[in-house]
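Trainee: The residues making up each chain are set out below.
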Amino acid sequence: MTLFVKKVFPGASIQDNGRPGLQRFGLTAGGAVDTLALNLGRSLFGDKSNTSVIEFSGAGGKFIVKRPSFFASTGANSTIKLNGVLKLQAEVFSASEDDEIEVSSISTGFYSYLHVAGGFLTAVHFGSRSGNIRAGLGTILKTGDYLPYASPVNVKISAIKMRNYTNCNKIRLISGPQTRLFSKKIFDNFLKTEFTITSSRDRMGIRLGHQGKKFDTKSGLNVLSEAIEIGDIQIDGQGVPTILLNDRQPTGGYPRIATVISADLHKVAQIGVNSTFKFTLVSLNEAIKALKDFTDELSDLENEVFNLTRDPSDIDNLLSYGLIDGAIRGDEYEES
Amino acid sequence: MIAKKKDIVFPRISPLGDKGLLIEFGNHFEISSNKKALALDFLINNSLPKGVQETTPTLISLMVRFNPLEITYGHLKEKILFFLEKDLETPTHLGRSFVIPAVYGGDDGPDLEEISDLMGLRSDQVVSSHTESQQQVMMLGFGAGCSYCGLLPQVWNIPRGEKVKPSVPGGSLLIALRQTVFPATPMPTGWRRIGTSPCLTFNLNKEPKFLLNAGDSIRFEQVSKNKARSISDDILWETFEK
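Protein chains in written order, with the numbering used here: chain A, 1 to 336; chain B, 1 to 242.
Be a bit skeptical, because a hint or two may be false.
Below are the BS3-like pairs computed for lysine-lysine, each with C-alpha atoms no more than 30 Å apart in a straight line [claimed, not checked]:
| id | chain 1 | residue 1 | chain 2 | residue 2 |
| --- | --- | --- | --- | --- |
| 1 | A | Lys218 | B | Lys163 |
| 2 | B | Lys50 | A | Lys289 |
| 3 | B | Lys50 | A | Lys292 |
| 4 | B | Lys77 | A | Lys292 |
| 5 | B | Lys225 | B | Lys163 |
| 6 | B | Lys77 | A | Lys218 |
| 7 | A | Lys192 | A | Lys161 |
| 8 | A | Lys161 | A | Lys62 |
| 9 | A | Lys185 | A | Lys142 |
| 10 | B | Lys79 | A | Lys289 |
| 11 | A | Lys214 | B | Lys165 |
| 12 | A | Lys142 | B | Lys209 |
| 13 | B | Lys165 | B | Lys227 |
| 14 | B | Lys209 | A | Lys48 |
| 15 | B | Lys79 | A | Lys292 |
| 16 | A | Lys218 | B | Lys209 |
| 17 | B | Lys206 | A | Lys218 |
| 18 | B | Lys165 | A | Lys142 |
| 19 | B | Lys206 | A | Lys142 |
| 20 | A | Lys48 | A | Lys289 |
| 21 | B | Lys35 | A | Lys213 |
| 22 | A | Lys48 | B | Lys50 |
| 23 | A | Lys7 | A | Lys81 |
| 24 | B | Lys163 | A | Lys214 |
| 25 | A | Lys184 | B | Lys77 |
| 26 | A | Lys161 | A | Lys185 |
| 27 | B | Lys77 | A | Lys289 |
No wet-lab data here; the hints were simulated from the structure. Please read all numbers here as calculations on a predicted model, not as lab measurements.
The shape of chain B in the complex, shown without the other chains:
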């Protein structure tokens, strides 16, 4: 099929401000686009061109921030085109894996019943489906240490809630669009909350201070409210050290 003049060819590279460059892998969400964004993120950081300061992967794009007085936009674009010729479909590196405890339902997950109704499942089935799903950290964003994880099975493709909650605590498990948003600080949200982890993945007293990075894998594990009281952030960082 011949592309129409106005059709955009992906990946598309464009300037984002005078110190940024954005590589978009599509214009709607597909998990393959996220995998490509994360693969490119890895390749760039693995052989960081001079003048590149940081990269920020998101669901279907990657932002590269650079000093335009050290490397020109055109020169950086050439380097990125070179990376894009590589196979971005096959993962070149494996992220780390974490099992994260969480309390589901009750005060910790006030929207569990509503989600169960929307999914047409019993709440225990919803919890099982969630805890059985291996999820990938697709990006971090919105707030410090807030990870967007997925994808959950198709049955989790439910919209955002209509009401915005002014604040949910860090550690909340927030659900919409086959994703779990897992914030590390309090935040407002329109997403539905099915549970809360006693662990925060952003801790100033730990190294690294941000536990999760895009590309890591996580699975949630149900714990009782009682057990959660005895769990601290330490258990996640202990896993990390192994």
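Chain A on its own, in the form it takes in the complex:
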């Protein structure tokens, strides 16, 4: 059976590791924007395979459980409720038939995730269930949908420590083949500028706002269409920067001033609308060191998972228990 989508806001989709290897055919890999959140959830369920999750962008939804299973939420700081009772993020909870799960109030961060034990079993294209609007692949959530999911197997009521990475104000980048199309003065200015995340953002890219001069190129508007890498920061004809993300166009002719390093992609994607940040230039070696650290962090997640002695969903007066130290970050309730 399935999860019924009672209400969902635009921008929610099923996501997994995406479809790498098809950029030469005009299709970028897609996949979950926040790979740390994706893997935090997978670690809770002991999933080694390419299980899929619901990705929310900026707003959540309401769901009715049609078969008992186990769920968890990760990613941006959001409120998750089971039949109106608050649940903690990064903790597995059980839900019975006709229970209502609500994900709402995404506060710090932008992308929030709802995991189910074993993953969702929606349509597969090129080995992935990832929703891609432009190419018409995978599943984009709509109110009234039924989302099939796997039968839960050997699920433990477990938890993992949430991380605080959804309000970074420093994002690392490296220069690229087209950096030279910008004068040194413009590039230095770019690195000094405080940028704002605008509401013009989706899985394709994030348009940045800033005070002050535009980032003019010397000759960049004549760039021939070239492959675009995830994290590339393109400067359009108006001098406005856009960070290109998972569902970006495969190729493009706007000059790219620099590229966000792989280890910071999930961080930049999680910065909330109207939040500000600056870029820091690093070397290729530093970027690869950061990637290795991030890769190690992901593979160590399974060792951080701990079992909860009781199923919190069975505890009606959960908040009266002294759970605040240890299992959770500690500041969740200050915001609600």
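Based on these hints, arrange chain B on the given structure of chain A.
Mentor: For chain B alone, coordinates are given in the frame of chain A:
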């Protein structure tokens, strides 16, 4: 001639992000640069170095994506320099050839008259010139299965249109700069549309799902609107199976 200090020597290899490497064969379009990019693409895929995940050829460059924890940028660059010593001018492999039916003019090609005016030809001459031209798939990009084909004869060197159309259907034949852009999904475009094929080259029910690959050859064939109604994507994949 002695190169000035700031002159760039092509092919130029540089990092593109921390998992990518870009080989550029020039800084303006030349068909010879595209042929070199496609030849290098073939050579790399023919003996794929460990750690290389995918290659994306475009008009005058090739992007190689790799796992830097399996192969270093420096080591990959060395391997690519080795390939670059080979003769990239002489094709080492032949792409496949396809004949693609298309309806020209009318609702299917609303800009045919405008293109004819720009080219100083009658619209039937424009269509003949287009259908007689053997075009190479130089790259795919912009959207899923959207191929950039060319080069058409010099008389087709016309600029992009000034207005952007919010959406043209998959199968449109879009013209500018001696190229035919042939999308497989709906897309916005500033290019002029002279015709539409009843066939889409991206079909989830077929294998391969993407029919065209960079390096393939295509020629368009004019069909009537009536005939187009009876044509499905099957005919392209049937050609492929032969």
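Trainee: Tell me, in ascending order, the numbers of any earlier hints that this structure violates.
Mentor: Hints 7, 9, 16, 17, 21, 26 contradicted; others consistent.
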